[in-house]
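S.K.: Chain by chain, the residues run as shown.
Number of protein chains: 2
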Amino acid sequence: MCELLGMSANTPTDICFSFSGLMQRGGKTGPHSDGWGIAFYEGAGLREFRDPYPSYNSEIAKLVRNYPIKSDIVISHIRQANAGRVCLENTHPFTRELWGRNWTFAHNGQLKGIKKYPLNHYLPVGTTDSEYAFCWMMGKIRERFPKPPARPVTVQRFIYDLAEEMQGLGVFNLLLTDSKYLYCYCSTKLSWITRKAPFDQAVLKDDSVTVDFKEVTTDKDIVSVIATDPLTTNEDWHVMQPGEYIVFRKGEVDFRQEA
Amino acid sequence: MCELLGMSANTPTDICFSFSGLMQRGGKTGPHSDGWGIAFYEGAGLREFRDPYPSYNSEIAKLVRNYPIKSDIVISHIRQANAGRVCLENTHPFTRELWGRNWTFAHNGQLKGIKKYPLNHYLPVGTTDSEYAFCWMMGKIRERFPKPPARPVTVQRFIYDLAEEMQGLGVFNLLLTDSKYLYCYCSTKLSWITRKAPFDQAVLKDDSVTVDFKEVTTDKDIVSVIATDPLTTNEDWHVMQPGEYIVFRKGEVDFRQEA
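Going down the list, the protein sequences come from chains A and B. Read left to right, the first sequence gives residues 21 to 279 (this note's numbering). Read left to right, the second sequence gives residues 21 to 279 (this note's numbering).
All the pointers check out, no bait thrown in.
Which copy is meant is left open, so a pair is good if it fits within one copy or across any two.
Calculated cross-link-like contacts (lysine-lysine; reagent style DSSO-like; alpha-carbon spacing at most 30 Å): (1) K90 with K225; (2) K136 with K167; (3) K135 with K160.
The set of hints was computed from the structure by calculation and includes no laboratory data.
All chains should be built: construct the whole structure from the sequences, respecting the hints.
M.R.: So, in structure tokens, the structure goes:
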């Protein structure tokens, strides 16, 4: 299984601490050595780093861990390949433009028969099930909403329906964003935590690192982190149920659909 | 004026040497301090680095200069903003997907009245003239060729016509790629060089660096580099004429349209 990591914040926040834990799972404390990628949003702008090599000794991953890129939304993925060979075009996250927004997608799981689904506007560059599913979802969203609808909840519900359909094909743990919302669907495994004042210390599970959030935040900061497995040992993470769906906006739960 | 840098090679090649010269122009030997970006192709796969800060002291640019990423095609841009504020979404190069290929675009110049052109499939995320022009071109290509035509020269000619139309709006020095071809249109300023055996030394103009290509190449390597201004002092660069158009494939000129 691949590892997912997402972040949504109400103020530009760096992900160094959480990423530092995640990247250890890329070939060191975990078996996910078939590449990794991360997408950072600064407003509408998108910055991506991607490597078809293990994350724990990647030069680029080192940069990402040490250089505090402040962003509003982050999606990261480390890969254990099951469908599609190990190469750059098969490395998550994937991105496409719709409504003049950068959409980013990362997934873990397998989807049986996905390649029989018809595609229209968006075509995959690589050969993974995941990118194919992303193109299908984006095509569906575009077909149904040529323009963003007045009420964001309409899209939120529609994406839930698409995720449920994908879930019917196998395993579909999903992180998706349009630069404003972070859409998370739990098929088998996904946990999250919201951090806000009063901030406290956190201790990473995969790396001997402790951070004191009091020192790096203000009282107004609200940050949610979503990961395949809890990344810290001393905090209470919410473990999502299979079929549960949460949309984050500016660090907080904006929409929730129970399983 | 912004600075452009492109590379097309018949074997995965790193751009460290040329990039090292270019990045000095980002706020040190040149005035282009409003961000920079670079796109690397490994086959169909795309890797991008982008920063809305000056390149000469950027952490990410340092990584790109020191870490030899081998690629088939590279497009890089350092920016001196004239239209659109300085932020990540206004930082070249821009990318979109068509035909299941990643297309990348970088431009220097201004285009008067471009925003009156109608867009269909692709919408800009930022506010630059350049990204708008890219979206317009991509929409035109998609409309005319829903699928890639049998003869690549058909697309090559079509892109020339689009570039000529853009050129009518002002200044349009262009680097564009679909992961297979590198399309270069000279509006005012663009030079290129093809390096092949027997390889020799090259001396950078903007940085006190010399490279001996004999030591880092094989006899079969063919690499073309395209830049706003020649990057080396001891080689014969071809200076393109305004209105001239060249398409490179695997390091060599594949199509050429004189001014």
